[in-house]
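Peer 1: Sequence:
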Amino acid sequence: MNYTYRIYPDLHQSATMLEWLETSRQVYNRALGELKDWINSRKCLMDRCSLNREYIIPADVPFPSYHRQQNDLPKLKQTWPDLKNVYSQVLQTTIRRLHDTWKAFQKRGFGFPRFKKFGQFKSFLFPQFKDNPINGFEIKLPKIGSILISYSRPIPDGFKVKQVRVLSKARGTQWYVIVSIQSQVSIPDISVHGRAIGIDLGLERFATTSDGNFFERPKFLKSQYSKLKLLQRRAARKQKRSANWEKAQIKVARLHNEITAKRKDFHYKTAHNLCDQAQTIFAEDLNTVGLNRGMLRKECIDASFGAFLSRLEWVCWKRGVFFMRVNPNGTSQTCPSCGATVGKPLGERVHHCP
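Taking the numbering used here, the leading residue of the sequence shown gets 4, the next gets one more, and so forth.
Hints in this document: simulated from the structure, not taken from any laboratory.
Please read all numbers here as calculations on a predicted model, not as lab measurements.
Check before you lean on any hint, since a few could be wrong.
Unchecked claim - Straight-line Cα separation of at most 27 Å, BS3-like style, residue types lysine-lysine; simulated pairs:
id, residue 1, residue 2
1, K46, K125
2, K254, K265
3, K225, K267
Claimed, not checked - Just the calculated beta-carbon pair ranges, DEER-fashion:
id, residue 1, residue 2, range
4, W248, D214, 49 to 59 Å
5, Q187, Q280, 27 to 37 Å
6, Q131, Q227, 17 to 27 Å
7, K301, P159, 37 to 47 Å
Don't be surprised by glycine CBs; every beta carbon is placed ideally from N, CA and C.
My request is simple: use the sequences and hints to build the entire structure.
Peer 2: Below you can see the structure in the form of structure tokens.
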């Protein structure tokens, strides 16, 4: 279970964490380069060799696994002095992050790891703590020191802090820590019980329940689109990498962060509202990837149905409500009262029981 807190580092601590993010990004890209070079060196045409270039890597060189690249970090520090400034376990988790992505690619068949551009690496991880690093309104991080924290909710009794992820938002002007806590407790599986409802997600109305209730869809991006367009136009007119350009980029990033926070808040409030209405909830298992590529992709991305379903599933588990995703085929044609199939065109938005 994760708890997120806002932290307020001073200028020196903020600069240190930004340096760690940039160093971690470079370590990630270097490890990914080794991985890609090894893979490409094992590829060749069957009947001829390339005239442009050839990867000169001996055939007996083993695959650059996580353990091999992690063990190379101490040697790399001799020629890369900046690595000595970063906590060693942070560098190890950066290598682990790459190989987790590589394993996910092998399992799914898509999502090959990509090189990270400047500013794309936004978090680093402290993988273990012996004691609780939070003391009062401060959190103590290795090689960074004590940082003021907005301790909005205490860690429950019986839980132990396992790891802490430091997260940067709005181009390094806002900092958060994601504290992972763990307890050896047995959680029983939730079964179907109590009142049941089904929900239908859409763009005209965000969610409509089987008993006739509905939630209007706030247009998070569209409501701020004119302001976002103005800020982006101002940023485009600045000289790149100048101080004024950086200030303009921060304003754009903060507005994006505000839109994301409003959407997340709406999702959680809607999820809790649904859990107040029933003890069993069924939702359509939508192909959100396909929706985000369709002609209404901007509206679908703004509504973020996939993120809402994931958050609804988490809230249901937390509150003891049974949740299940069902096949969306025919859900709008089936009467929730009698179970009869009633065909309706897209223009007919109200169902009447036959």
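Peer 1: Work down the list of hints and note, for each, if the structure agrees.
Peer 2: Each hint tested on the structure:
1. K46 / K125: The given pair, whose Cα atoms are some 33 Å apart, is violated under the 27 Å limit.
2. K254 / K265: Holds, at about 17 Å.
3. K225 / K267: With a Cα-Cα distance of about 16 Å, the restraint between K225 and K267 holds, given a limit of 27 Å.
4. W248 / D214: 49 to 59 Å: Holds: the Cβ-Cβ distance is about 53 Å, inside 49 to 59 Å.
5. Q187 / Q280: 27 to 37 Å: 33 Å, holds
6. Q131 / Q227: 17 to 27 Å: 40 Å, violated
7. K301 / P159: 37 to 47 Å: Given range 37 to 47 Å: holds, Cβ gap about 41 Å.
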